[in-house]
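Undergrad: Take a look at the letters that make up each chain.
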Amino acid sequence: MAPVRTLVAWCPDWPVVALGRELHESVAVIFANRVIAASPAARQHGVARGLRRRVAQSRCADLDVIERDEAREARSFEPVLAALDDITPRVEVTRPGTCAIAMRGPSRYFGGDEAVADLVRQRMGEALAGRTEIRVGIADGPFAAGLAARAARPTRIIEEGTSPGFLAPMSISVLERPELTDVLVRLGLRSLGSFADLPPADVLARFGDEGRGAHRLASGLEERPPDARLAPPDWSISTEIDPPADRIDRVAFCARTLADDLHQRLEHDGISCVRIAIEAETEYGETLLRLWRHEGALSAAAIADRVRWQLDGWLNGSAATRPSGGIARVTLVPDEIVPAKGRQLGFWGGETEVDERAARVAARLQGQLGADAVMVPERRGGRHPDEQLVLVPAATVELRGRSADERAVDGEVPPWPGQLPAPSPSRVPAKPHAVELTDAAGEMVTVTGRGLASAPPVALVIRGRTVPISGWAGPWPVDERWWDTDDHRRRARFQILTEDGQARLVTLEHGQWWVTALWD
Amino acid sequence: MFDTREMAAAERVTNLRLVADKVAPLALARERTMPLLPALTSLFPEGGLRRGSIVATDGVGATSLALAVAAGPSAAGSWTAVVGDPGLGLAAAAESGLVLERMLVIDPNAGQGSDKGAAGVVAALVGAIDVVLVGPGVRIRPADVRRLSARMRERGSVLIRVGAIDEPGVDIGLRIVESEWTGLGVGHGLLRARRVRIETQGRGSAARPRGAAFLLPGPHGEPVALGEPAPEHELRPVLQALA
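Going line by line, the protein sequences match chains A and B. If you read the first sequence in the working numbering, its first letter stands for residue 1, the second for the next number, and so on. If you read the second sequence in the working numbering, its first letter stands for residue 1, the second for the next number, and so on.
Excised from the complex, chain A in its bound form (with noise of 0.2 angstroms):
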């Protein structure tokens, strides 16, 4: 059976458009400190996907980093919908910035392939407004069309049944599951075409699940055998919203209860599902449809996610397109379902369920605290405590698997001379307190420029108090970044034992002493 004729309509660099960047400007958007998507000028420079934030910057000069919004980027890409919609009601959003019809009512209705790829073109153009290109392509089965739309200029018609003759030249790296195609091409097969010739049921005994998805794509068939789905029994869930909500927060908090409830049941009969519709109504009875597909299982937060992102789009869009009253109903019918396959969690190391709770709760102080109320160590280099160690926002790591150490080149630690060795102080003040350090007769004690204190310190003046000191070391200066005039720093280090049993470190900085960290 032949896959269902597609059509893919993509927006190249949707990531940098969505931000309200021009694409001659060089900008790269950034998630997890790799960069995603790069504007074609910074391309230029070099800059590609999977680059690290530092090597992309040393690329390109005045390169701009933005982190990425995914809530933004599906938020901009609703009134590009919108314009497909007297087209089809059917339309599958399969990332922002891509989206998929059914070709089948579209191409009979308006006379064949090329008359829908125009109308789509103009639509889309019309609504973009020249912010970016729109690529077209036709094709049999979501996947060859994607690609198809990825080869356009600007459009690019497959004809029906000759996909698999489309795709076999293609190099094996476009089905996007690196492990599985690094064996590959360690075998030899560098093409999709030379991957079809394999025996399907030697790659099923060789790469089993995976595997035969991938063959099967690969052959221009659906990545699962028709029969493998599951009729559906009507598993659509829905909530009526009363009085009706006009406000973004009160609908998507009830779209999240409902995607749990849905997403408990989905789990308990062992499904998951890859495409789910949501459907919105208002209390005039305006609806809107839309579906959404996710290469793993969409999970409950994802589901709410895209209900919030869809609805933020329609709310909050231009008056033409804007519902004239609340949202009264939601309804979320799970489109394309699959056998649980179910993640397999590791025990030791790897993903684990622990980290899965622990990645949840952070999502979810995050919503309610704020972003940066949530954050993660990370290793950075430094000679101080407080620079050695930083906080950054737990929202733009993954938390999964992560590794705090950014400094490793090659798996080696480059070595910070002047470092004090362990055992490093276990409180470091964001913000240091001003103290005296006095000598003998009372006098402050100054290092001189060859890094010699005047006079052997005898008493720590904190906050008016003065407290006598046991024992000292020091001072250990410290001459950094003195070819930036605006980083350049001094500073002369002590480590200060007072009689009350407090260890400090204490710095001199511009001629004023500060306690920088303690050993408590």
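Quick caveat, the hints were computed from the structure, so don't treat them as lab data. Note that the coordinates shown come from a computational prediction; the quantities given were computed from them, not determined experimentally. Backbone N, C-alpha and C fix where the C-beta goes; we use that ideal spot for every residue, glycine too. Please note that a few of the clues may not be correct.
[Stated by the list, open to error] Derived coverage of chain A by chain B (criterion: at least 3 residues anywhere in the stretch with Cβ under 8 angstroms from a Cβ of chain B; other residues may be distant):
hint	region
1	358–366
2	372–383
3	386–396
4	424–435
[What the hints assert, rightly or not] Which residues of chain A face chain B? A partial, calculated answer using Cβ under 10 angstroms:
hint	residue
5	Gly-20
6	Val-354
7	Asp-355
8	Ser-403
9	Ala-517
10	Asp-520
With chain A fixed as given, assemble chain B onto it according to the hints.
TA: For chain B alone, coordinates are given in the frame of chain A:
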């Protein structure tokens, strides 16, 4: 006549029971504990950190002690959340054995719209995060502590409070009663290790006071139990040449 068959059956049942007793998993208090660093086991009655308990530390070195207690579960795979303590020395945390990859640092006062405060944040973390470390500046009302500790016993998380040893609800209080640094001279040397004496106070099985001597932090930042006085060469400052 004896009914030998029935007797044999009865004997088999008895034997089976004996075997069952022997092979039954030891699901006692130990089952409900999290591992501690080996150095610290002598301070806790179960030899581990009992799930659902509140631990408090006090004295000069309370922070290092709290980190040392949290390090055991963290090294064994648990997550740690630090609530309301932005000034915690992260390098010291890593040296005492905490795994930074499984650590969250949360500022409970960040949300403008939230009135839940630290207690609300801790309540949200309990169950998802095994060890919650609360900083010295954080106040939790006694009513909230009661609610929290019920929730913690149910979900099996441990709360470690720095410097709140005399507040109600604390199951085990660890107090540093003596502390003395080694390695730092007058004008020479380097902080090397701190010799401390820790005494416990508590409720239930922890009511019997215990005390022991430790190096906290030890020469590499990790806690070291001192059965007897440490050999002198262990404590010699590394940078004597500086003098």
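Undergrad: Does the structure break any of the earlier hints, and which numbers would those be?
TA: 5
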